[in-house]
Amino acid sequence: MSSRRSRSRQSGASRITDDQIIDLVSKLQQLIPELRGRRPDKVSASKVLQETCNYIRSLHREVDGLSDRLSQLLASTDTDSDQAAIIRSLLM
Amino acid sequence: MKRWTTKREHQIYSSKLFQALCRSRRTSSSTSAKELHQTADRVLAITAKGTTRWSRAILAAPLTASTNMKKHKKAKVTVHTRLRKPVVNREKRKLPVVERKLRALRRLVPGCRKLSCNNLLEETSDYIAALEMQVRAMTAITEFLSRGEAQVPTDRLGSIGNM
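Chains as they are written, first to last, in full-length UniProt numbering: chain S, 1 to 92; chain F, 1 to 163.
I should point out that these hints are in silico values taken from the structure, not numbers from a laboratory. These numbers come from a predicted model, not from an experiment. Glycine included, C-beta positions come from ideal geometry on N, C-alpha and C. One or more of the hints may lead you astray.
Claimed, not checked - Not the full set, but computed from the structure, chain F residues with beta-carbon under 8 Å of chain S:
hint : residue
1    : 15
2    : 27
3    : 125
4    : 136
5    : 146
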């Protein structure tokens, strides 16, 4: 589109234009709970990207913690007998 | 992307995950947290029905004790960066901050290292939504299990099911 503003970047696969980044960043902002309400022009692109990465990492960590907890619970609980009941409750 | 927020999807994922966990418990004596996390990711990817790159990447990844692999990968990436950085700086004088963070984001979403900006957006949004559902579902399972056995009061069910 606005080729005068596009810079070729070293990312290898594709030329990323400024417009694409702006687009990506403004849409990402809506996904991040921390940044959701803020005005797009008040938040810099690098901050949005940083927060996105932080958010994904924190979700990973949360799942890690839950996996830990679940593995302990599964080890100590006899799930076989209640499996049907638990699945039924999960599906309700 | 919207599908990750429906109750139906949540139910499908949590029940599938629970069944997978029970199955793996029967075959091996104990499930480490790492294996569990891996199972949770794989079931999540299966629930995506092959429509996204990140889900396909998770399913394509080999099922190994990932600690060794991860360390190996990390070493490779570090060497790469050290070799590349000086070259880039000489040519361009600036390695844009945005560029760096874009690259970090690409590394976090499975299978997206060489993805274009637009597709990266789609993959990231879908991935984040899926992860959020994964957290909700695993929390629900944990709560059910920590309450002990089959007796789960219906009001509790109602509040969790309405997520």
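Quick check on the hint: residue 136(F) CB to chain S CB, less than 8 Å? Check failed: Cβ of residue 136(F) comes no nearer than 10 Å to chain S, outside 8 Å.
Does the CB of residue 146(F) sit less than 8 Å away from some CB of chain S? holds, 6 Å
Do the numbers back the hint for residue 15(F), that is, is its least Cβ distance to chain S under 8 Å? holds, 5 Å
Report holds or violated for the interface hint on residue 27(F), using the least CB-CB distance to chain S and a cut-off of 8 Å. Interface hint status for residue 27(F): violated (13 Å vs cutoff 8 Å).
Evaluation of the interface hint that places residue 125(F) against chain S, nearest CB under 8 Å: holds, 6 Å
The structure fails to meet hints 2 and 4 from the earlier list, while all remaining hints are met.
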